[in-house]
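Asker: For reference, the chains in residue letters:
Number of protein chains: 2
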Amino acid sequence: MATLTSTPQTDGFYMPAEWAPHAQTWMIWPERPDNWRLNGKPAQAAFTTVAQAIARFEAVTVGASAAALESARAQLNQSDNHRDNFTHIRVVEITTDDAWARDTGPTFVINHGGQVRGVDWTFNAWGGLDGGLYAPWANDDQVAARILQIERCERYRTEGFILEGGSIHVDGEGTVITTEECLLNKNRNPQMSREAIEDKLRAYLGIRKIIWLPNGLFNDETNGHIDNFCCFIRPGEVLLAWTDDPQDPNFERCQAALQVLENVHDGWRDGPRDENDANDRKLIIHKMPIPGPLYASAAECAGVQTVAGTQPRDPGVRLAGSYINFLIVNGGIIAAKFDDPKDAEAEAILKRVFPQHEVVMVPGREILLGGGNIHCITQQQPAASLFKTAGTDQI
Amino acid sequence: MATLTSTPQTDGFYMPAEWAPHAQTWMIWPERPDNWRLNGKPAQAAFTTVAQAIARFEAVTVGASAAALESARAQLNQSDNHRDNFTHIRVVEITTDDAWARDTGPTFVINHGGQVRGVDWTFNAWGGLDGGLYAPWANDDQVAARILQIERCERYRTEGFILEGGSIHVDGEGTVITTEECLLNKNRNPQMSREAIEDKLRAYLGIRKIIWLPNGLFNDETNGHIDNFCCFIRPGEVLLAWTDDPQDPNFERCQAALQVLENVHDGWRDGPRDENDANDRKLIIHKMPIPGPLYASAAECAGVQTVAGTQPRDPGVRLAGSYINFLIVNGGIIAAKFDDPKDAEAEAILKRVFPQHEVVMVPGREILLGGGNIHCITQQQPAASLFKTAGTDQI
Numbered sequence: 198m199a200t201l202t203s204t205p206q207t208d209g210f211y212m213p214a215e216w217a218p219h220a221q222t223w224m225i226w227p228e229r230p231d232n233w234r235l236n237g238k239p240a241q242a243a244f245t246t247v248a249q250a251i252a253r254f255e256a257v258t259v260g261a262s263a264a265a266l267e268s269a270r271a272q273l274n275q276s277d278n279h280r281d282n283f284t285h286i287r288v289v290e291i292t293t294d295d296a297w298a299r300d301t302g303p304t305f306v307i308n309h310g311g312q313v314r315g316v317d318w319t320f321n322a323w324g325g326l327d328g329g330l331y332a333p334w335a336n337d338d339q340v341a342a343r344i345l346q347i348e349r350c351e352r353y354r355t356e357g358f359i360l361e362g363g364s365i366h367v368d369g370e371g372t373v374i375t376t377e378e379c380l381l382n383k384n385r386n387p388q389m390s391r392e393a394i395e396d397k398l399r400a401y402l403g404i405r406k407i408i409w410l411p412n413g414l415f416n417d418e419t420n421g422h423i424d425n426f427c428c429f430i431r432p433g434e435v436l437l438a439w440t441d442d443p444q445d446p447n448f449e450r451c452q453a454a455l456q457v458l459e460n461v462h463d464g465w466r467d468g469p470r471d472e473n474d475a476n477d478r479k480l481i482i483h484k485m486p487i488p489g490p491l492y493a494s495a496a497e498c499a500g501v502q503t504v505a506g507t508q509p510r511d512p513g514v515r516l517a518g519s520y521i522n523f524l525i526v527n528g529g530i531i532a533a534k535f536d537d538p539k540d541a542e543a544e545a546i547l548k549r550v551f552p553q554h555e556v557v558m559v560p561g562r563e564i565l566l567g568g569g570n571i572h573c574i575t576q577q578q579p580a581a582s583l584f585k586t587a588g589t590d591q592i
Numbered sequence: 198m199a200t201l202t203s204t205p206q207t208d209g210f211y212m213p214a215e216w217a218p219h220a221q222t223w224m225i226w227p228e229r230p231d232n233w234r235l236n237g238k239p240a241q242a243a244f245t246t247v248a249q250a251i252a253r254f255e256a257v258t259v260g261a262s263a264a265a266l267e268s269a270r271a272q273l274n275q276s277d278n279h280r281d282n283f284t285h286i287r288v289v290e291i292t293t294d295d296a297w298a299r300d301t302g303p304t305f306v307i308n309h310g311g312q313v314r315g316v317d318w319t320f321n322a323w324g325g326l327d328g329g330l331y332a333p334w335a336n337d338d339q340v341a342a343r344i345l346q347i348e349r350c351e352r353y354r355t356e357g358f359i360l361e362g363g364s365i366h367v368d369g370e371g372t373v374i375t376t377e378e379c380l381l382n383k384n385r386n387p388q389m390s391r392e393a394i395e396d397k398l399r400a401y402l403g404i405r406k407i408i409w410l411p412n413g414l415f416n417d418e419t420n421g422h423i424d425n426f427c428c429f430i431r432p433g434e435v436l437l438a439w440t441d442d443p444q445d446p447n448f449e450r451c452q453a454a455l456q457v458l459e460n461v462h463d464g465w466r467d468g469p470r471d472e473n474d475a476n477d478r479k480l481i482i483h484k485m486p487i488p489g490p491l492y493a494s495a496a497e498c499a500g501v502q503t504v505a506g507t508q509p510r511d512p513g514v515r516l517a518g519s520y521i522n523f524l525i526v527n528g529g530i531i532a533a534k535f536d537d538p539k540d541a542e543a544e545a546i547l548k549r550v551f552p553q554h555e556v557v558m559v560p561g562r563e564i565l566l567g568g569g570n571i572h573c574i575t576q577q578q579p580a581a582s583l584f585k586t587a588g589t590d591q592i
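Protein sequence lines, in the order shown, are assigned to chains A and B. Under our numbering, the letters of the first sequence match residues 198 to 592, in that order. Under our numbering, the letters of the second sequence match residues 198 to 592, in that order.
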């Protein structure tokens with residue numbers, strides 16, 4: 198629980214892949230009426246569906262405010278179908294500014310001895326006063342520490358270095374994939390060079406190679422988080438949001454990303470712009486269609502309370518809907534569907550690329566209306582080695 | 198974490214003795230300015246000393262409000278002497294009305310299979326609107342549930358039955374000791390007979406015998422909690438607050454308690470007013486002097502903010518100071534001292550009756566000014582059986 202002044206890299210810790218075994222998944226209850234329409238009620242139902250879907254595969258803990266806690270506990274543990282096929286969802290009190298556990302929760306790191314620690318990135322609400330989505334964000338910046346205290350995990354704090362968990366994906370074998378649009382944005386770490394940012398990624402994620410895509414998805418208000426656009430499905434294989442429609446504003450973004458991902462050069466490893474993954478494999482690239490185009494209705498936008506300083510909602514603005522924004526859990530894939538013609542193809546692709554997992558599609562529109570999706574609202578906590586934990590207790 | 202509709206008794210659970218192995222001790226950060234003088238600052242220092250003393254022997258978790266959490270974490274983990282001889286104290290967010298973990302926290306129960314659950318007594322701030330100490334108390338009534346959620350412990354809720362953990366002491370072998378002054382008080386469960394209350398104690402503590410002392414300590418604003426007056430030190434042995442001074446208002450209380458405790462009848466076990474302990478031993482009674490008489494100074498009382506509905510502080514009212522109000526931890530006794538001439542005798546008695554424990558005396562005056570002492574502000578969580586826990590996980 199103590200805050201360490203070293204880094205994961207120097208201590209032999211690294212971020213495991215999302216498909217590595219989880220102890221549990223963390224979520225945060227959506228309550229903010231200036232982001233979630235109708236005082237969050239529809240979003241709470243959507244988050245409940247996601248939490249219960251995850252809880253079929255692994256434990257879930259949800260943070261909620263003191264005021265909402267009892268209501269959250271009741272909703273999250275109510276079984277509509279009386280099948281009771283999910284484990285009890287734990288609810289703990291955590292005061293937050295909003296519900297994005299991916300971005301405000303810790304990035305958990307492990308070592309080969311089975312220990313689990315957490316990286317507490319400095320958070321500025323996706324851009325601070327320069328394009329950020331709300332202010333203040335002081336509670337959100339303390340979420341990671343709250344979670345690490347509850348779990349009795351030691352904490353690395355990146356004082357002064359801004360990052361959100363949704364802007365990175367790792368393969369667990371030394372590679373991270375991210376976007377220039379987000380990490381090099383002047384509203385994150387404007388004082389730092391690309392090389393200095395790469396050093397931070399190496400230090401806190403324990404990775405060796407960085408794959409930079411130019412952009413994320415069009416109109417993603419996070420400034421192009423990778424987790425809405427491209428992800429690893431196993432070491433050496435990625436899944437990329439894709440459109441063949443030259444009129445879609447994502448067309449050039451997809452082409453540029455593919456160009457980077459295909460531009461691998463076997464036989465050289467240490468160049469500064471090497472696009473190989475860390476173990477020098479050619480990447481296998483799978484394409485995933487983009488739903489829609491999707492837009493919020495005027496009625497949906499009208500359900501959001503207007504508050505100065507918070508990003509307003511506009512029915513004329515295309516939503517950054519994506520099938521990439523799913524969570525890998527122990528034995529399952531929890532992915533969003535949008536009542537869209539491409540839902541079936543997305544599900545089929547997920548089943549094909551994750552043949553060992555059970556693919557569960559849950560309604561994602563209410564989460565998308567709030568600005569993200571299933572990966573954005575979840576944060577996996579890797580499982581500690583039981584053997585090593587017991588051994589540590591005995592020392 | 199789920200709420201059970203059965204009782205510990207029917208499920209084979211019981212409250213273990215305080216000297217049984219602990220997983221940790223829970224505390225709550227003192228913040229309430231109408232109870233703790235000078236906005237709680239001196240009490241926070243006193244609680245920190247207690248928490249750090251306990252943390253030399255076992256883990257400690259402290260609940261604090263969102264607003265106070267970072268300050269609490271810093272204070273609790275600051276080592277004045279740089280010896281760092283206590284383990285890191287975990288701080289978690291729990292919104293409360295005050296800082297009495299003994300009375301608002303769960304009473305943990307265990308079974309012979311090594312499982313741990315919690316009893317969540319209904320709480321009414323020591324008397325509700327009829328002599329209770331503050332209103333509202335809704336947050337305090339949810340503290341036990343908060344703690345049990347964090348610990349993933351299943352919960353028994355005594356809907357409609359009022360009790361505070363400080364009003365009971367058990368020997369872990371089937372006996373509870375309590376006071377008529379508190380449990381039969383019309384401001385707790387006026388609709389229930391003594392026999393009905395005894396049934397509740399049997400059901401939720403898993404005990405068989407109840408020892409009723411008439412009263413607790415004079416002027417105890419909890420209406421005579423047993424934990425400020427008399428406790429088990431091991432099965433068959435009790436420690437009783439004692440004065441030989443007939444002018445002391447405690448004199449008759451002590452005599453009456455002694456009369457009950459000495460009035461054991463070997464050879465009969467099942468009578469409704471049997472004062473033997475559950476295993477039919479004669480009790481061995483040790484006496485402990487009462488400090489003082491102690492009074493709050495006018496300056497101390499002036500530091501407390503006056504709020505309608507909260508018990509005011511008066512320098513003319515004798516404080517219910519007691520050396521009985523200590524906590525047994527893994528290998529230690531954490532007891533209060535009062536800069537009083539009887540401190541040394543109290544310490545000597547504790548060392549004599551707990552020869553296997555290290556006795557640590559810490560300043561208790563600031564806690565006493567708030568209305569209790571070390572036992573009142575702590576709640577031990579028994580250790581689960583590691584073997585059985587692992588086995589359960591595998592089932």
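Accuracy of the hints is not assured; some may be wrong.
Identical copies look the same in the list; a pair holds intra-copy or inter-copy alike.
When the alpha-carbon atoms are kept at most 25 Å apart in a straight line, the in silico SDA-like pairs for lysine to any residue are as follows [to be verified]: (1) K238 with A199; (2) K383 with P443; (3) K397 with N236; (4) K238 with A342; (5) K534 with G513; (6) K479 with G311; (7) K238 with E434; (8) K539 with R391; (9) K479 with P432; (10) K238 with E370; (11) K539 with G489; (12) K548 with A265.
Just so you know, these hints were derived from the structure itself, not from any lab. This structure is a prediction, so every number in the text was calculated from the model and none was measured.
Asker: Evaluate each hint against the coordinates.
Answerer: Quick rundown of the hints versus the structure:
1. K238 with A199: between (37 Å within a copy, 23 Å between copies)
2. K383 with P443: Neither, since 29 Å and 79 Å both go past 25 Å.
3. K397 with N236: neither (38 Å within a copy, 41 Å between copies)
4. K238 with A342: This pair counts as between: shortest inter-copy Cα distance 24 Å, intra-copy 27 Å.
5. K534 with G513: Result: close within a single copy only, 21 Å intra versus 70 Å inter.
6. K479 with G311: neither (30 Å within a copy, 52 Å between copies)
7. K238 with E434: Classified as neither: same-chain Cα gap 38 Å, cross-chain 56 Å, threshold 25 Å.
8. K539 with R391: Classified as neither: same-chain Cα gap 37 Å, cross-chain 68 Å, threshold 25 Å.
9. K479 with P432: within (10 Å within a copy, 71 Å between copies)
10. K238 with E370: Neither, since 40 Å and 49 Å both go past 25 Å.
11. K539 with G489: within (8 Å within a copy, 79 Å between copies)
12. K548 with A265: neither (36 Å within a copy, 47 Å between copies)
Figure legend: structure checked against the earlier numbered hints; hints not met, in rising order: 2, 3, 6, 7, 8, 10 and 12.
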